[in-house]
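Given the structure of chain A, go ahead and fit chain B onto it with the hints provided.
Number of protein chains: 2
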Amino acid sequence: MENVFSSLFTFDSEFIKESELLKWLDARNRANEFIVKPVPFRELDKWKFNEETGYLQHDSGKFFSIEGLKVHTDFGEVPSWEQVIINQPEVGILGIMTKVINGTRYFLMQAKMEPGNINILQISPTLQATRSNYKLAHKGKTPLYLEYFIDRTRSTIIIDQLQSEQGGRFLRKRNRNMIVEIKDDIEVFDDFLWMTLGQIKILMQYDNIINMDARSVISCIPFHLAKDKKEVSSHDVKSKSDPKMIASLSDDVNDIYSLEEQLSWINEQKLSYSLHIQQVPITQLNDWQITPTCIRHKTMPFFEVIGVDVKAGNREVSSWTQPLVSDRNLGLIGFIVKEINNKFYFLVQAKVEPGNIDLVDMAPTISISNYERFAELSGTKPFCYDVFKSANPGNIIYDKIHSEEGGRFYHLQNRYMIVIDNTIDEYSIPANFRFMTLEQILVLGQYGFFNIESRGLISCIDFFMTKI
Amino acid sequence: MENVFSSLFTFDSEFIKESELLKWLDARNRANEFIVKPVPFRELDKWKFNEETGYLQHDSGKFFSIEGLKVHTDFGEVPSWEQVIINQPEVGILGIMTKVINGTRYFLMQAKMEPGNINILQISPTLQATRSNYKLAHKGKTPLYLEYFIDRTRSTIIIDQLQSEQGGRFLRKRNRNMIVEIKDDIEVFDDFLWMTLGQIKILMQYDNIINMDARSVISCIPFHLAKDKKEVSSHDVKSKSDPKMIASLSDDVNDIYSLEEQLSWINEQKLSYSLHIQQVPITQLNDWQITPTCIRHKTMPFFEVIGVDVKAGNREVSSWTQPLVSDRNLGLIGFIVKEINNKFYFLVQAKVEPGNIDLVDMAPTISISNYERFAELSGTKPFCYDVFKSANPGNIIYDKIHSEEGGRFYHLQNRYMIVIDNTIDEYSIPANFRFMTLEQILVLGQYGFFNIESRGLISCIDFFMTKI
Numbered sequence: 005m006e007n008v009f010s011s012l013f014t015f016d017s018e019f020i021k022e023s024e025l026l027k028w029l030d031a032r033n034r035a036n037e038f039i040v041k042p043v044p045f046r047e048l049d050k051w052k053f054n055e056e057t058g059y060l061q062h063d064s065g066k067f068f069s070i071e072g073l074k075v076h077t078d079f080g081e082v083p084s085w086e087q088v089i090i091n092q093p094e095v096g097i098l099g100i101m102t103k104v105i106n107g108t109r110y111f112l113m114q115a116k117m118e119p120g121n122i123n124i125l126q127i128s129p130t131l132q133a134t135r136s137n138y139k140l141a142h143k144g145k146t147p148l149y150l151e152y153f154i155d156r157t158r159s160t161i162i163i164d165q166l167q168s169e170q171g172g173r174f175l176r177k178r179n180r181n182m183i184v185e186i187k188d189d190i191e192v193f194d195d196f197l198w199m200t201l202g203q204i205k206i207l208m209q210y211d212n213i214i215n216m217d218a219r220s221v222i223s224c225i226p227f228h229l230a231k232d233k234k235e236v237s238s239h240d241v242k243s244k245s246d247p248k249m250i251a252s253l254s255d256d257v258n259d260i261y262s263l264e265e266q267l268s269w270i271n272e273q274k275l276s277y278s279l280h281i282q283q284v285p286i287t288q289l290n291d292w293q294i295t296p297t298c299i300r301h302k303t304m305p306f307f308e309v310i311g312v313d314v315k316a317g318n319r320e321v322s323s324w325t326q327p328l329v330s331d332r333n334l335g336l337i338g339f340i341v342k343e344i345n346n347k348f349y350f351l352v353q354a355k356v357e358p359g360n361i362d363l364v365d366m367a368p369t370i371s372i373s374n375y376e377r378f379a380e381l382s383g384t385k386p387f388c389y390d391v392f393k394s395a396n397p398g399n400i401i402y403d404k405i406h407s408e409e410g411g412r413f414y415h416l417q418n419r420y421m422i423v424i425d426n427t428i429d430e431y432s433i434p435a436n437f438r439f440m441t442l443e444q445i446l447v448l449g450q451y452g453f454f455n456i457e458s459r460g461l462i463s464c465i466d467f468f469m470t471k472i
Numbered sequence: 005m006e007n008v009f010s011s012l013f014t015f016d017s018e019f020i021k022e023s024e025l026l027k028w029l030d031a032r033n034r035a036n037e038f039i040v041k042p043v044p045f046r047e048l049d050k051w052k053f054n055e056e057t058g059y060l061q062h063d064s065g066k067f068f069s070i071e072g073l074k075v076h077t078d079f080g081e082v083p084s085w086e087q088v089i090i091n092q093p094e095v096g097i098l099g100i101m102t103k104v105i106n107g108t109r110y111f112l113m114q115a116k117m118e119p120g121n122i123n124i125l126q127i128s129p130t131l132q133a134t135r136s137n138y139k140l141a142h143k144g145k146t147p148l149y150l151e152y153f154i155d156r157t158r159s160t161i162i163i164d165q166l167q168s169e170q171g172g173r174f175l176r177k178r179n180r181n182m183i184v185e186i187k188d189d190i191e192v193f194d195d196f197l198w199m200t201l202g203q204i205k206i207l208m209q210y211d212n213i214i215n216m217d218a219r220s221v222i223s224c225i226p227f228h229l230a231k232d233k234k235e236v237s238s239h240d241v242k243s244k245s246d247p248k249m250i251a252s253l254s255d256d257v258n259d260i261y262s263l264e265e266q267l268s269w270i271n272e273q274k275l276s277y278s279l280h281i282q283q284v285p286i287t288q289l290n291d292w293q294i295t296p297t298c299i300r301h302k303t304m305p306f307f308e309v310i311g312v313d314v315k316a317g318n319r320e321v322s323s324w325t326q327p328l329v330s331d332r333n334l335g336l337i338g339f340i341v342k343e344i345n346n347k348f349y350f351l352v353q354a355k356v357e358p359g360n361i362d363l364v365d366m367a368p369t370i371s372i373s374n375y376e377r378f379a380e381l382s383g384t385k386p387f388c389y390d391v392f393k394s395a396n397p398g399n400i401i402y403d404k405i406h407s408e409e410g411g412r413f414y415h416l417q418n419r420y421m422i423v424i425d426n427t428i429d430e431y432s433i434p435a436n437f438r439f440m441t442l443e444q445i446l447v448l449g450q451y452g453f454f455n456i457e458s459r460g461l462i463s464c465i466d467f468f469m470t471k472i
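Respectively, the protein sequence lines represent chains A and B. First residue of the first sequence: 5, per this note's numbering; consecutive thereafter. First residue of the second sequence: 5, per this note's numbering; consecutive thereafter.
Think of the hints as simulated: they come from the structure by calculation, not from any bench.
Remember, identical chains collapse to one label, so a pair may be satisfied in a single copy or spanning two.
Listed below are the simulated SDA-like cross-link pairs for lysine to any residue, each with C-alpha atoms no more than 20 angstroms apart in a straight line:
no. : residue 1 : residue 2
1   : K41       : I124
2   : K231      : D255
3   : K66       : Y277
4   : K103      : S262
5   : K274      : D362
6   : K274      : R176
7   : K66       : H280
8   : K274      : L166
9   : K233      : F13
10  : K74       : D291
11  : K74       : P285
12  : K66       : S278
13  : K274      : G452
14  : K231      : S262
15  : K231      : D256
16  : K74       : E86
17  : K66       : S276
18  : K103      : E265
19  : K187      : E264
20  : K103      : E264
21  : K231      : E265
22  : K274      : V95
23  : K66       : E47
24  : K234      : S10
Just chain A, with the same shape it has in the complex:
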């Protein structure tokens, strides 16, 4: 892909200036009416606890269902537990359209509301369509720009990857993450805007602006293959660039592991653990209860399932009700990076989660719910917990709060951190941890090995260390 790094250091463009970005988002927010109200389950329309399956389901059988799950595994501290989980077997498209206009590469982003977003409207991909969406199960409008993603004569594929979503909350869910390049002039509709990569990265310096789906697609951009990677050091923003992060985009013979060794380690990890899951009616979970307003754990402050009533102006249908997974407690998602031979290495964790498609996914160094109380509630401290909790500000590369997908999660936020720790010995870490270069993460990432939490963090990396 051409003009990638040059897009990354373009902050003002012919479409919008950096200083106008938040104002544009604000204006879109005001232009769109959107009211979300938690309601008891009995007020949900067509969503019922199905007597036959014991799941919370839509009458049509479409969309998704909330199910009970019993989990047994030899991974981690807890050998078995019960939980509810979202089952959404259909694969949707998360797609961003890109175009080079007058020599500058742009990405068509959308200001899109989702009922669970804490601030209602966030920056989303061009297209965010479930299969029900684009097969018109909503009986509403066809999603805008869909044709550029499914008609191969209208665009060139830059990336098209099957990527998983939260294995702790979804049962084997995947979406197709796509970036397609167009040559045609297209109409830019309300709520859409051509942005440079620099502008997207600027917006990532704010909390809760770039939504989860956009982060996931952006994480797949093949920076390691960018044709203008080598021109970075000679550019005028050179003084702001971080050579250790850019070095991490290239593999060389001095790397601590080759790509083949990383794949070998991943395969070893996939064969190291067992996982047995059993889908059961929610009422068969001993530790969970269904109240008129939520499904929740009986004793622990875990996530809950609630119902919401939504009134919206610019969505495919104008109002609806649905369940959402709610979690008011801030989680923590963090990568440790270490500088070795002037190159950043990311400390990746091989992690078993009950909804994973192939048992083990590559996760960030840490990813936990309710992180302030995690040690107290679980009685254990995850590896590197204290490194994040008491990081020296000078070692913090990134530290912002982002929301998880507002179409399924209600007010669920995580603190996203990337922290330098040069004191960790790369050969004395737990067996399910491994240092990898960013190039290795991007190459292996194409084939779906990295989970949504790790992809979300990767998307936040700013090669120029932009600060606002």
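Positioned in the frame of chain A, the structure of chain B alone reads:
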């Protein structure tokens, strides 16, 4: 990897001359006593039809079991059927050790017997170990050279890939295909021999010499990354080399599809079909019957499950009984290649099989059982069937017979063919077919997209068109 192509054109080595290869195999055959006899199920030791599960299983619960399967799919001509299938959830290692000795690259191959081999002894990888094997479930010896594959300080990983086996006969079975490079001098035990790649390719010009596991591992050799690839044209065997096949090892901007477009197409294929399978007791299959000596389809000449009694000299244990899947009818596994811009493209089929791990695997152009009677029995002709059946000898690149894995299959042979057909229009083929370069197959193959049938054929490619 270094010295790959030079190994490919080394036919006589310091360990053995080309002319002695078959004699060595013959001598190994005579040195090892091995008698295999089909027996009724009641003569199997510890293998029983389990009354609770309805499967044919070993008393220990280890090894594998033979189960009933009901299949529903919208792929292909037959919407639903019943069959028996082998369930072997554990992942074994198929590994070849490689070493550069006096400037020549060698692979340590083993003359190994398997009860189902039509000629008893075939050339196998250095290590062929199920997890039961190397956890000593046989209560026999530890497999030779195992330590070089599991102890990371003793070798360098060249490849380590999780690869599937026959999705039509195994339920989600995978093995770890490994090549490790060693520097140490090692003892070469009886039945083992250092061979060059050229010698292995020579042996592939004979029927039933190189076994399925060896073919699978050899297919993973990253020829596209070989450091001496560029030296090929200037070498003295230049006149014998095929520039169109070597050109297929490099991608360029003139290729009909980019790697990203191929991955996109694979993802599209994975989302295009449905498959529902249900594991059932064998007795619940309406179309199959259990006789005292076999499990077979009531009316059609499909594969059968039989029992065998094995007496062997050099295996981990000296005698045993086990079930095997028997098929006396020759199958056909074939790739069509087309010459476009002086480069060979392989016609790959996206194929749904009931035991596939992720619904769709990349398969050869054709892969059918009982190919002589296929059209008559099924009433349909697969795409390109006649191209293979009546290929002009001048267009046949490869045409030999090989056995499938003799530890699970009894006398199961397939005709392996690679045939040039330049008359096929690359844009007017069925939606689930696609032309790919060999480099694309090798790159995507690392991540397990290509099935055992396609890998087996890839392993037979001889860049120098060796003829015996």
